[in-house]
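Once you've looked at the hints, dock chain B against the given chain A.
Given next are the chains, with one letter for each unit.
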Amino acid sequence: MGKLINDGIRVDGRRVDELRPFRLEVGVLKNADGSAYIELGKNKIIVAVYGPKEMHPKHLALPDRCVLRCRYHMSPFSTDVRKPPAPTRREIEISKVIREALEPAILVEEYPRTAIDIFLEVLQSDGGSRCAAITAASLALADAGISMYDLVVACAVGKVDGTMVLDLSDIEDKEGEADMPVAVMPNLNIITLLQLDGILTHEEFKQGIDLALSGCRKLYEAQRKALMERYFKGGLNQQEEAE
Amino acid sequence: MAVSKRSFIIEHLRKAQMIELLAQGRRLDGRALLDYRPIDIKCNVIQKANGSAQVSLGNTQVIAGVKIEVGAPFPDTPDKGVLVVNAEILPLASPYAEPGPPDEDAIELSRVVDRGVRESGMIDLSKLVLIPGQKVRAVFVDVSVLNVDGNLIDATSYAVVSALLTTKMPEVEVTASGEIREKDGMIPLPASKIPVSVTFARIGEAMVVDPNSEEEAVMDARITLTTVDEGHLCAGQKGLAGGLTYEQIMFAAETAKIKGQEIREIIKRAVSSVG
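If you read the sequences in order, they're chains A and B.
With our numbering as the guide, the letters of the first sequence map in order to residues 1 to 243.
With our numbering as the guide, the letters of the second sequence map in order to residues 1 to 275.
Source of the hints: derived by calculation from the structure; they are not laboratory data.
Glycine included, every Cβ here is placed at the ideal spot set by N, Cα and C.
Check each hint, because a few of them may be wrong.
To be verified - Below, a list of computed lysine-lysine pairs in the BS3-like style, where the Cα atoms sit at most 30 Å apart: (1) B:K135 - A:K174; (2) B:K67 - B:K268; (3) A:K83 - B:K80; (4) A:K83 - B:K67; (5) A:K3 - B:K80; (6) A:K174 - B:K15; (7) A:K96 - B:K15; (8) B:K135 - A:K96; (9) B:K193 - A:K3; (10) A:K58 - B:K15; (11) A:K30 - A:K53; (12) A:K174 - B:K67; (13) B:K67 - A:K206; (14) B:K127 - A:K3; (15) B:K80 - A:K42; (16) B:K193 - A:K206; (17) A:K44 - A:K3; (18) B:K67 - B:K135.
As the list claims (entries may be wrong) - With beta-carbon atoms standing in for the labels, derived distance ranges: (19) B:I187 - A:N189: 47 to 53 Å; (20) A:D17 - B:Q24: 40 to 46 Å; (21) B:K42 - A:R23: 55 to 61 Å; (22) B:S273 - A:I9: 48 to 54 Å; (23) A:I9 - B:D35: 46 to 52 Å; (24) A:E175 - B:E254: 28 to 34 Å; (25) B:S126 - A:V81: 19 to 25 Å; (26) B:G204 - A:A86: 38 to 44 Å; (27) B:A16 - A:G8: 48 to 54 Å; (28) B:H12 - A:G8: 49 to 55 Å; (29) B:T245 - A:P57: 35 to 41 Å; (30) A:P21 - B:K168: 48 to 54 Å.
For reference, chain A alone in the conformation it holds in the complex (with noise of 0.2 Å):
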């Protein structure tokens, strides 16, 4: 296996501090309540809300909140090799992984005895696509009109050839030594995700957090954004001048 980083450049072309180029997408789907899409990468990630609604089983309905469901699927054709589709185990550590990543963020008391759906699918897989996913579904939930007290924005970084890098694409995710991706709501700075894969000293995990958290920052500016040119066409200057 070559080098994954030159002279301070990676094998696709970036900085170790920069992201993929993205794409942020909000309201693509008619049916749902509230939808995102992302593009991160060769990431492509769609994602639905559904609800909140009526909790069906009824039995596991709670008084006093609504319970969160998520599901995170990738499609069959979404990898290299066919991945047959019922859902992994991975898919289900990271389907639990994601609603625990997004649950501080919502006023889930603001809705007893509900349910609130996400459904993520993964159209095609790059390195990951998990933050990709929690980044689209917090712009699905606010799309929904659900009660939030921030956004959620994920970003992983990673150590590549012995050096922290951010955004880690599929090879990099393969190839390196540590993978940690990492979920923050920007304005209150808590930490809702945090996985680590591989063998990080204890500066370079701080380093790592400390650029994951960079990341977010950039990929939540896109988010409000995208939100942005949904509600407001581009800009709230243009909206007050249509009124």
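Then chain B, alone, in the frame of chain A:
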């Protein structure tokens, strides 16, 4: 968690009481915030397994067994042996546990423990290859949770690590015709490092280690960090529907290193006592 009961009224009342106590640096069972419950590790408890360990962490009890077979490598790692860690919460372990396929909590438990062992590089999988691309040793570590009283991740992790460190497997030779033949001698697994997980619960603003069931029922967030011998981190997982501040995470990282070293010594003693 599916294995602990969450009752709304009691949960809210007890949480208030717990937070009050935690503010004074104490816990309901009398421990300090960074105290583990007594850790007891017994190795070689199952003779038919290649390696085994029973761990109790207070009232939490788990048993891990290692079975080693000869199998095909995964297609994407033809030059590595196979390591599979799987944990199950048996129906006898709690009044709230039910039989059936593993739920997401059991899957997360298996995967977090597996990640700690795998990413630490504890087992040198490249030394388990018999015929490259065709035959390798497959190491299956199965864990049964026998009694649930919180912090299943750490108890399971210590059981898996202790079982792997005491595993003996038959020496084998590859015959000219490509057959695998067992020899008489027994050898240990190519194991070097000792990964140790440390799990924290955030309850209100307080961070405590090794939460019991009562604390798990009211905790806001959970984070597990695994360290290796030199103190570096090798795996991590945040859990539950609450968040953590930057400071809380850095505190957890530092504490995981210190606590991990203490627990590593306990594992070493348990492993060396059986030779």
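inquiry  = So, against the hints stated earlier in the document, which numbers end up violated here?
reply    = 6, 8, 13
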